[in-house]
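Modelling step: build the complete structure from the supplied sequences, incorporating the hints.
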Amino acid sequence: MEVTSPVRKPLVTGGKTVHDVTVDVCRRVEEKPTITWFLAVATSLGLLTIGLYAVAMTLWDGIGMWGLNKTVGWAWDITNFVWWVGIGHAGTLISAILLLFRQRWRMSINRAAEAMTIFAVICAAMFPVLHMGRPWLGAYWALPLPNTFGSLWVNFNSPLLWDVFAISTYFTVSLVFWYIGLIPDFATIRDRAKGIISRTVYGALAFGWNGSARTWERYEAVALILAGLATPLVLSVHTIVSFDFATSVIPGWHTTIFPPYFVAGAIFSGFAMVLTLMLITRKVYKLEDYITISHIEMMNIVIIVTGSIVGVAYITELFMAWYSGVEYEQYAFLNRATGPYWWAYWTMMTCNVISPQLFWIKKVRTSIVATFILSIVVNIGMWFERFVIIVTSLHRDYLPSSWAMFQPTVYDLGIYIFTFGLFFTFFFLFAKFFPVINMAEVKSILKATGEKQPAMRESATTTQSVEEMSPTTSKN
Amino acid sequence: MTAGNKFLVGVFDDDDVLLSAVAKVRESGIRIHECYTPFPVHGLGDALGYKRSKLPIAAFLFGMLGTSLALLMQFYMMGIDWPMIIGGKNFTSIPTFFPVTFELTVLLSALGMVGTFMIISDLRPYGKAKIFDLRATDDKYIMAIDLAKNSIDTTEIKQTLVNAGAVEVNEKHN
Chain A
2 MEVTSPVRKP LVTGGKTVHD VTVDVCRRVE EKPTITWFLA VATSLGLLTI GLYAVAMTLW
62 DGIGMWGLNK TVGWAWDITN FVWWVGIGHA GTLISAILLL FRQRWRMSIN RAAEAMTIFA
122 VICAAMFPVL HMGRPWLGAY WALPLPNTFG SLWVNFNSPL LWDVFAISTY FTVSLVFWYI
182 GLIPDFATIR DRAKGIISRT VYGALAFGWN GSARTWERYE AVALILAGLA TPLVLSVHTI
242 VSFDFATSVI PGWHTTIFPP YFVAGAIFSG FAMVLTLMLI TRKVYKLEDY ITISHIEMMN
302 IVIIVTGSIV GVAYITELFM AWYSGVEYEQ YAFLNRATGP YWWAYWTMMT CNVISPQLFW
362 IKKVRTSIVA TFILSIVVNI GMWFERFVII VTSLHRDYLP SSWAMFQPTV YDLGIYIFTF
422 GLFFTFFFLF AKFFPVINMA EVKSILKATG EKQPAMRESA TTTQSVEEMS PTTSKN
Chain B
2 MTAGNKFLVG VFDDDDVLLS AVAKVRESGI RIHECYTPFP VHGLGDALGY KRSKLPIAAF
62 LFGMLGTSLA LLMQFYMMGI DWPMIIGGKN FTSIPTFFPV TFELTVLLSA LGMVGTFMII
122 SDLRPYGKAK IFDLRATDDK YIMAIDLAKN SIDTTEIKQT LVNAGAVEVN EKHN
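Protein chains in written order, with this note's numbering: chain A, 2 to 477; chain B, 2 to 175.
Think of the hints as simulated: they come from the structure by calculation, not from any bench. As the structure is a computational prediction, the values presented were derived from the model and not from experiment. Glycine included, each C-beta is placed from N, C-alpha and C at the ideal position. Where hints are given, some of them may not hold.
[To be verified] Restricting the straight-line Cα-Cα distance to at most 16 Å, the calculated cross-link-like pairs of lysine to aspartate or glutamate (EDC-like) are:
1. B:Lys55 to A:Glu221
2. A:Lys17 to B:Asp147
3. B:Lys25 to B:Asp47
4. B:Lys52 to A:Glu221
[Said to hold, decoys possible] A few chain A residues that face chain B, going by a derived Cβ cut-off under 10 Å, partial list only:
5. Thr170
6. Thr189
7. Ile294
This is how it looks when you write it as structure tokens:
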């Protein structure tokens, strides 16, 4: 019986055994943190502290501290919100959509990508919460709670309210999905732990997991259904985020192309952020055998596809503005490309449309340095995309008398820095105390796709039900 | 599991060996208490004679509950309790209620199913794991046999386990 695919490269290299996977991943949790790790955490905490000043000033003096004015009522806050939410999308795509498509290469990256999702959504939530001005009253504005403030209920016709439901559901379901996957790995750490503290802490986190066949059977059913639920969920989240704009009548926003275009853009920027983080983690933790060049290549291919969708969307927008014959729409796009914010538009075009096309060259998409640089370029480009959509559409609206420019203040910048500090603090803590690779899942594919695979198969006295274990690979 | 029972714990090196061993052990009339593996071994549930999990049904029912609650909430708040004129449109309309309905369906379905899973599998914070062999979460595949529930002679069960490919057979009180 042939299980190995002759065309696919092994997903785990270096002749790893099941025990090697445990050791390689648990070692990072068990060993003392390095000086580099302390420096990294200190830097992130430094950014967090600097940013906290901007947050405190915004809460104390109000959002007048930001660069907003009567024309541009939304700028960096919503730009950063959409940017962070978009970044989060890659984690769910990797863990849910690629699970449904039985893409096994997701298994060594899904844990970190899902962690990134959760941290990115937390960072995103900061912006609408702070934009409320008085967030301590926010629960009454955002949630259907009985109150005595006037309009009794929230407006269920508003896309901003849909956002509240979409983002909080997305956060909750992603967190649950991530944690369910972590339970077996926490049990592995618990069963290896020597110290009393680590045994207690990981024992509490492992929820009493013992790996019984019955629980695994249920676990797999749960994982599959959660993936099935998370797939339309992740598509709905950025669709609803795009409704914030698309349901309005502002030129440049009022288009039906927004939902698919935003979802593609979200996955595009999310994969770029996953690459940025994973290339560093892989190097620092020496995980080259688990996150191989072919993993990086796969992610780069997703970047080409989604980046090209984004490019086509930009061109479609231009075409539709011309074809619609609507003067305001036409001016909005002319103003984007040639108006006072032309530099933002062309940065977006270069970073998002032109630079990812370099990944068509195999040498570029298999090069770690090129991938790292381009992943950052893509995220800069995607930040400018949101800035361009939001600010250039708002700053010159229907009435020329109210045309204005937007200039960010140091507080706009400070809150953005705050979210970076928050994100990286969470990520470094995760990388130290949590298993960064899903051990159970990687172990389950070792036989089918590991390098030692033929030897391991021969040592088994039977190959019964190997066929059903790997329906995707056995067909090749 | 009742306290004080005596168990035979067969340790296997390979998931495929365990799978065939389960079939062999069950054929010889021995009742298996449970198997423990570091990752989901496909086909193990079938080999042990477990029925398919009914969790998908739980997920569906909780999802339906979410849909109903979301629609009821929105129709009550916007249509009955405090109707608001927004742009001269209808007080209530299915299309604008759809996003919130969808999100709450997904939320309740996921939380309800995961909650059910945790309860029926006895998983909770600080839950105490019933462990036969610590290596079951690392790289060993464990088969536990409750001696109190088997009338066959212990040495014979041991022999069957070794013949089926067990690398170690230990006794354990649990």
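So, going through the hints one by one against the coordinates:
| no. | hint | in the structure |
| --- | --- | --- |
| 1 | B:Lys55 to A:Glu221 | holds, 12 Å |
| 2 | A:Lys17 to B:Asp147 | violated, 34 Å |
| 3 | B:Lys25 to B:Asp47 | holds, 14 Å |
| 4 | B:Lys52 to A:Glu221 | holds, 14 Å |
| 5 | Thr170 | holds, 4 Å |
| 6 | Thr189 | holds, 4 Å |
| 7 | Ile294 | violated, 25 Å |
Of the hints listed earlier, those the structure fails to meet are numbers 2, 7, in rising order.
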